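The listed protein sequences correspond, in order, to chains A and B.
Counting in the numbering used here, the first sequence runs from 1 upward without gaps.
Counting in the numbering used here, the second sequence runs from 519 upward without gaps.
The set of hints was computed from the structure by calculation and includes no laboratory data.
Treat the hints with caution; some may be incorrect.
In the DMTMM-like style, the derived pairs of lysine to aspartate or glutamate whose C-alpha atoms are separated by at most 20 Å in a straight line are [said to hold, decoys possible]: (1) K715/B with D580/B; (2) K715/B with D666/B; (3) K750/B with E733/B; (4) K824/B with D210/A; (5) K715/B with D578/B; (6) K824/B with E575/B; (7) K90/A with D688/B; (8) K57/A with D222/A; (9) K750/B with D819/B; (10) K57/A with E72/A; (11) K324/A with D383/A; (12) K90/A with E733/B; (13) K761/B with D784/B; (14) K90/A with E40/A; (15) K761/B with D308/A; (16) K761/B with E290/A; (17) K90/A with E50/A; (18) K473/A with D449/A; (19) K473/A with E488/A; (20) K824/B with E267/A; (21) K824/B with D383/A; (22) K27/A with E429/A; (23) K57/A with D236/A; (24) K761/B with E821/B; (25) K57/A with D210/A; (26) K761/B with D394/A; (27) K761/B with E387/A; (28) K761/B with E420/A; (29) K337/A with D366/A; (30) K715/B with D688/B; (31) K28/A with E50/A; (32) K715/B with E575/B; (33) K90/A with D607/B.
As the structure is a computational prediction, the values presented were derived from the model and not from experiment.
Spelled out, the chains give:
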Amino acid sequence: MHIGIDVGGTNTDAVLVEGRRVLAECKKTTTADVTTGIIEAVNGLQTAHEFEPAAVKAVMIGTTHFVNAVVEGRGLAQTAAVRLGLPATKALPPFVDWPQRLRQVIGGHGYLCHGGHEYDGRVISPLDEDELRRVAVDIAEKGVRSVAISSVFSLVNGDFERQAAEILTAEVPHLLVSFSHEIGRLGLLERENATIINAALRELAEQIADGLTESLTAQGIDAPLFLSQNDGTLMDLEYARCYPVATFSSGPTNSMRGGAFLSGLDECAVIDVGGTTTDVGMLHNGFPREAASEVMISGVRTNFRMPDVLSIGLGGGSVVREEKDGLAIGPDSVGYKLAQQALVFGGDTLTATDIAVAAGLADIGDPARVKHLDRTLVNEVLDHVCEQIATQVDRMRTSPAPLPVVLVGGGSVLVPDEVEGVSGIIRPEHHAFANAIGAAIAQVGGEVDRVFTIDPNRRDEVLDSARQEAVDKAVAAGARADSVRIVEVEEIPLAYLPGNASRVRARAVGDLVLEDAR
Amino acid sequence: MVTRMHLLQPDEVDRLALGVVMLGSGGGGGEHETHAFAAMLRHEMRQSGPVTVLSPEEADPDGYGARVGLIGAPTVMIEKLPSGQEAEDALKALQAHDSTEATAVVGWEVGGCNGLLPLILAARLGLPYVDVDGMGRAFPRIDQTTYDAAGLPTTPLAITEPSGNRAVLDATGIEKLARTVMVDFGGWAMMVAKPLKLADALKAGITGSLARALELGEIWSQQTLSVDERAKASGGFLVARGKVVEVWRESVGDFPRGTVALRRLDAGDAYVRLEMQGEYLVALADGEPLVTTPDLLCCLDAESGKPVSTERLRFGAIVDVVALPSPPQWVREEMLGRVDPRAFGYDLDYLPFRDVS
Chain A
1 MHIGIDVGGT NTDAVLVEGR RVLAECKKTT TADVTTGIIE AVNGLQTAHE
51 FEPAAVKAVM IGTTHFVNAV VEGRGLAQTA AVRLGLPATK ALPPFVDWPQ
101 RLRQVIGGHG YLCHGGHEYD GRVISPLDED ELRRVAVDIA EKGVRSVAIS
151 SVFSLVNGDF ERQAAEILTA EVPHLLVSFS HEIGRLGLLE RENATIINAA
201 LRELAEQIAD GLTESLTAQG IDAPLFLSQN DGTLMDLEYA RCYPVATFSS
251 GPTNSMRGGA FLSGLDECAV IDVGGTTTDV GMLHNGFPRE AASEVMISGV
301 RTNFRMPDVL SIGLGGGSVV REEKDGLAIG PDSVGYKLAQ QALVFGGDTL
351 TATDIAVAAG LADIGDPARV KHLDRTLVNE VLDHVCEQIA TQVDRMRTSP
401 APLPVVLVGG GSVLVPDEVE GVSGIIRPEH HAFANAIGAA IAQVGGEVDR
451 VFTIDPNRRD EVLDSARQEA VDKAVAAGAR ADSVRIVEVE EIPLAYLPGN
501 ASRVRARAVG DLVLEDAR
Chain B
519 MVTRMHLLQP DEVDRLALGV VMLGSGGGGG EHETHAFAAM LRHEMRQSGP
569 VTVLSPEEAD PDGYGARVGL IGAPTVMIEK LPSGQEAEDA LKALQAHDST
619 EATAVVGWEV GGCNGLLPLI LAARLGLPYV DVDGMGRAFP RIDQTTYDAA
669 GLPTTPLAIT EPSGNRAVLD ATGIEKLART VMVDFGGWAM MVAKPLKLAD
719 ALKAGITGSL ARALELGEIW SQQTLSVDER AKASGGFLVA RGKVVEVWRE
769 SVGDFPRGTV ALRRLDAGDA YVRLEMQGEY LVALADGEPL VTTPDLLCCL
819 DAESGKPVST ERLRFGAIVD VVALPSPPQW VREEMLGRVD PRAFGYDLDY
869 LPFRDVS
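Start from the sequences and build out the full structure, keeping to the hints where you can.
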């Protein structure tokens, strides 16, 4: 069996899972130190379904802790950005266009050095070891503890980043190193930014990783720990210490994946209706579609893998108002105060949950308190909810074929069984724990994203080699070789470049090897 | 149109960047690629101060304007970023062959990344930018300028790349030669052509195009207006709101080309087809053309309102297709042959711009 835990902003949810069966579930309040909430949630699982700690083969955790640390600017290390590409790239030095505040918090030490490759693999300029040694001396003097190394076209060839790291760590032994080719995509500035943010989180990641291990060991659980990533795959704790940035959007991803898992569907839309917002995502091959554009993190432009999720301000706690020009539902919500402020709980705020109770869709609180509500109003609110959700689902849709929809989350009672353009609504069991269940699905992945020169006669060969590379990466990340499959391949010819240069992305995913778990 | 000297400030750069992307008609480097040049321009302005933009009336007709433009793949440029030295290097290399001294910088292609490049050069050299360019939008080929149509020389032309490699080209068939060099230079390169006498540039070129970009940037950053209202305020119209149900791309000939099918969301069961190469070139409904090049077509993400380039348009995206009129200089019989649908290999005549919304 294994344990899935989702540490959200408000709640820490945990599930105990065996194969495809959910044995126990538990919801606790998230604590400031993260670990206390986790301990309480695991204790809750013990109470609900007693288990032998040694029988737990793996623990998977999804957390928003790291992204919150960046947004709040706390716990960040003094960080340097070393870029390899001179004489290219000088016009846009590291940290250009960063918000002043965040830049100050992490020190904003940028270094431009020689190195880098062309899109076709030629060298821009060789690495200059003396130059890097001088950088190392300066880094040591400034008390920098973590460094982000980015080389031009390191997605074509990552050797320079690794060689530079060797030179720097030879001079500064305890320096933490983050590699851009492991983190972002094409687009140097955005990839470098993502790498810098990752580097700034490395010390915090060490603390959290140690804290998580300790809290589980204290429970007698000695199983390996994994953290969920933005794309829905897992990384082990050692990897998480190095790449905390990969956890940034794991919350919505886990809900989507959990919903798909519970319903047994691979191709569907998942709607997660929470207290304040509703997230809508599309699953293809069991994984959320990825966002195509750059992602702003605390005012910094980055380009790492994020799920394509539409969020609207509509949830179980949404405040319902009758206004002159019609009905308004949300985006404000009573949030976690639902149990005090909603009419059905004796409060004085009309919420979406009250409407659901009045319509007989939900049995929460005291239905007598909403008996007086006008039927027309109730129907209007429900129609409005239905319409909004239908619109979002249609936006995410990629083909006109009927699309099954999986509904998860505490507020999902609001959604009626018939929605336009939807072939069937599935409300799986345990849906309120979809996020924790999503974390517990043990899969790992590998990705390739770079420019290939595609000779027209060898197109299949090139695409095959990209696929194979993605598969190899998944296996290296811990996937069982016979379970690995390709979930995405995309080929885009580059505009304005004669010849046959194409950007190719391939992504592979497989089941985690758990046999050798302690 | 700007009628007096304008000092372009760092806080105007984002607006200008949006405007030049709109003028890119989906090409010339999209929002993502232009962002890098916007950051560069701001960075340069912080060091060198604002850029002086002169209206056509204010420019000294006896002066000479250097033309600068990026050739190649913007997707490669956002990875192998410029050194910032390329345009100056090219100008120096050029001056060894042609002693014409540049007293100003003029535009070559105002649409996309190349709309911002001359401003960066102007900031670095402390020269004014004279508000004229040769396209008034984005086009893929060097010879698709009103300068060329007027017989103004493009050569000698210097081409450089970040590592300092340079070539000065003086030959006929400059297009093919420059592209061959560019590929060898690593996928993109900077070009500076023989400075133009400002009197000639202003007579042959598309004047006020930077002011137009600023105006479009202003209009399209007003998120409170509907797309329809913004299109009308820009002198254009909303062709359709649609969902991309098919994207078909192929890489034959000189440039990648593609076809996009959009299922209209604003009219029952109707489809709009876009033909694209580097830029969006033709919009059709039921096989009948609605909008044709050189009129402009922009796709804007329905949710974020941001322009979506031809390279980034994806299956499943919901976009507003907006048509804007071409600069009037192109819409003359003797000019259309360079830029009409036939110039791009489509068996269609130019269709005079008209609101079909």
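Results of checking the hints against the structure:
no.: 1; hint: K715/B with D580/B; result: 6 Å, holds
no.: 2; hint: K715/B with D666/B; result: 14 Å, holds
no.: 3; hint: K750/B with E733/B; result: 13 Å, holds
no.: 4; hint: K824/B with D210/A; result: 43 Å, violated
no.: 5; hint: K715/B with D578/B; result: 10 Å, holds
no.: 6; hint: K824/B with E575/B; result: 34 Å, violated
no.: 7; hint: K90/A with D688/B; result: 29 Å, violated
no.: 8; hint: K57/A with D222/A; result: 8 Å, holds
no.: 9; hint: K750/B with D819/B; result: 18 Å, holds
no.: 10; hint: K57/A with E72/A; result: 35 Å, violated
no.: 11; hint: K324/A with D383/A; result: 18 Å, holds
no.: 12; hint: K90/A with E733/B; result: 31 Å, violated
no.: 13; hint: K761/B with D784/B; result: 10 Å, holds
no.: 14; hint: K90/A with E40/A; result: 51 Å, violated
no.: 15; hint: K761/B with D308/A; result: 16 Å, holds
no.: 16; hint: K761/B with E290/A; result: 18 Å, holds
no.: 17; hint: K90/A with E50/A; result: 61 Å, violated
no.: 18; hint: K473/A with D449/A; result: 12 Å, holds
no.: 19; hint: K473/A with E488/A; result: 14 Å, holds
no.: 20; hint: K824/B with E267/A; result: 29 Å, violated
no.: 21; hint: K824/B with D383/A; result: 31 Å, violated
no.: 22; hint: K27/A with E429/A; result: 16 Å, holds
no.: 23; hint: K57/A with D236/A; result: 13 Å, holds
no.: 24; hint: K761/B with E821/B; result: 12 Å, holds
no.: 25; hint: K57/A with D210/A; result: 19 Å, holds
no.: 26; hint: K761/B with D394/A; result: 10 Å, holds
no.: 27; hint: K761/B with E387/A; result: 18 Å, holds
no.: 28; hint: K761/B with E420/A; result: 17 Å, holds
no.: 29; hint: K337/A with D366/A; result: 16 Å, holds
no.: 30; hint: K715/B with D688/B; result: 19 Å, holds
no.: 31; hint: K28/A with E50/A; result: 18 Å, holds
no.: 32; hint: K715/B with E575/B; result: 15 Å, holds
no.: 33; hint: K90/A with D607/B; result: 14 Å, holds
When the structure is compared with the earlier hints, violations turn up for hints 4, 6, 7, 10, 12, 14, 17, 20 and 21 and for no others.
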